[in-house]
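Asker: What follows is each chain in one-letter form.
Number of protein chains: 2
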Amino acid sequence: MIQFSSGQRLDGGLLERPFTLDGVPGLLWTAGTVSGTAPVILLGHPGGLDGMRPRLVERARQCVASGFVAAALELPGGGDRPRLPDVDRARADLRRALEAGEAVADDVVDRLVLPLVERAVPEWRALLDELLALPGIGGPVGYSGGVISIGVRLAAVEPRIVASVLFAGSYVPRSIVEEARRVSIPLLVLLQWDDRWNDRGMALDLFDALGSAEKTLHANTGGHTGVPAFEGDDADRFFRRHLR
Amino acid sequence: MIQFSSGQRLDGGLLERPFTLDGVPGLLWTAGTVSGTAPVILLGHPGGLDGMRPRLVERARQCVASGFVAAALELPGGGDRPRLPDVDRARADLRRALEAGEAVADDVVDRLVLPLVERAVPEWRALLDELLALPGIGGPVGYSGGVISIGVRLAAVEPRIVASVLFAGSYVPRSIVEEARRVSIPLLVLLQWDDRWNDRGMALDLFDALGSAEKTLHANTGGHTGVPAFEGDDADRFFRRHLR
Chain R
1 MIQFSSGQRL
11 DGGLLERPFT
21 LDGVPGLLWT
31 AGTVSGTAPV
41 ILLGHPGGLD
51 GMRPRLVERA
61 RQCVASGFVA
71 AALELPGGGD
81 RPRLPDVDRA
91 RADLRRALEA
101 GEAVADDVVD
111 RLVLPLVERA
121 VPEWRALLDE
131 LLALPGIGGP
141 VGYSGGVISI
151 GVRLAAVEPR
161 IVASVLFAGS
171 YVPRSIVEEA
181 RRVSIPLLVL
191 LQWDDRWNDR
201 GMALDLFDAL
211 GSAEKTLHAN
221 TGGHTGVPAF
231 EGDDADRFFR
241 RHLR
Chain C
245 MIQFSSGQRL
255 DGGLLERPFT
265 LDGVPGLLWT
275 AGTVSGTAPV
285 ILLGHPGGLD
295 GMRPRLVERA
305 RQCVASGFVA
315 AALELPGGGD
325 RPRLPDVDRA
335 RADLRRALEA
345 GEAVADDVVD
355 RLVLPLVERA
365 VPEWRALLDE
375 LLALPGIGGP
385 VGYSGGVISI
395 GVRLAAVEPR
405 IVASVLFAGS
415 YVPRSIVEEA
425 RRVSIPLLVL
435 LQWDDRWNDR
445 GMALDLFDAL
455 GSAEKTLHAN
465 TGGHTGVPAF
475 EGDDADRFFR
485 RHLR
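Residue numbers (the working numbering), protein chains in the order written: chain R, 1 to 244; chain C, 245 to 488.
Hints were generated in silico from the structure; no laboratory data involved. Predicted, not measured: the structure shown is a model, and the values here were computed from it. Any given hint might turn out to be false.
If the Cβ cut is set under 7 Å, some of the chain R residues that face chain C in the computed set are [said to hold, decoys possible]: (1) 215; (2) 220; (3) 221.
Heads up, the beta-carbon is just placed ideally off N, CA and C, and yes, glycines get one too.
Chain R with its partners taken away, still in its complex shape (with noise of 0.2 Å):
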């Protein structure tokens, strides 16, 4: 069940409403005043609401001036959540192998993102079923960002999801390359083409899998956190074009 404490509003007008949905911890952010019903933006991110959040608050303040609500959710064994140890082994040992220059093991990727994905998926459907029996909030809904075999999961088997940004900034294991052929919503895939945490030519091979008939590739000069500010823009100009 859904528990929402109390607002804030911040500035431009945008209220943010932090909630727990079964004890997960995530935010909300709408416009101040309700018109009709807004679709929904997923904002998916790498773990650590707090620490993320000044970066959430820029990302949902424009999906919010272009008429949709935003949310997120608690990354499982993010931020304040129990740790996953089995994962947080499998993150060391990826550092460890990159640092060391070596081959990213398939089993390494697998043991980091699966269990994620396993536990995600299901966490963002449950709250897609009580954000849209809240006043205001309607569908379609769109996904967001990173981690991109979570959002590609989610664009394989939530219809309610009808298009999607996916973030490729993070190992992708084999399977979820095969679940992506089975993908046919509207995507826009970033990619970070010097993102030393990623692998380029397994996110290329990601974008080739996706079965989707209308698929967009932008790849960038820089690193992780380098995406260009006009991405954002682009992201809107995709969103509109589809949730509207």
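Mind docking chain C on chain R? Use the hints.
Answerer: Relative to chain R, chain C alone:
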């Protein structure tokens, strides 16, 4: 020397003026009324101005609506210009290899593309000399379209060109990939993911090699002529960001 024949007014007030430059045919598109000096966008194309004209007019219309002027010049060997038999032979060799599902030899790509680059680049530069001396036309200059190897060479050697949209829709000689490292202007590279007349891996290698600090790749599903309409808007925004 540039010589204009009588122009015609097209829908929406667009003024189209055919010209020849030292015997090479071309087209110039401007707004009907001149105020100040407009930046120039050179519209690259695969040759055959008459056949390409409907699509070029649409691209020119968007340029002019954004406050630019646009110009196109017949490709060496294209349209009514004298054939280039060696290039024609290389093109036939390329088609034969593709239709047989064979790898395309570097030598075929060199024989097809390098003579076009060698001839076309000085012609585009001479056109710039003429255009920038006309009333109502000023710098800066952009290049938009294919042949991508011509666009790369121009970006590397012509300092009046400050931003380019490059269409990765043709095979690229390895020497041009090396030249790409010297390019430093902002770039938007368009790639059709399923273009059977192009080598996707080579296009990605070229994108990787380009030396520009700001470079963006937009890849879309579909074949050579299937560039989505929204990419026209994206190219327009790119030029408005960099030419004004």
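Asker: Look at each hint and say if it fits the structure.
Answerer: For each hint, the structure was consulted:
For residue 215 of chain R, the suggested interface contact is upheld, since its CB lies about 5 Å from the closest CB of chain C, less than 7 Å. The interface hint given for residue 220 of chain R is met, as the beta carbon of that residue sits about 5 Å from the closest beta carbon of chain C, less than 7 Å. At about 5 Å, the closest approach between the beta carbon of residue 221 of chain R and any beta carbon in chain C falls short of 7 Å, and the interface hint on this residue holds.
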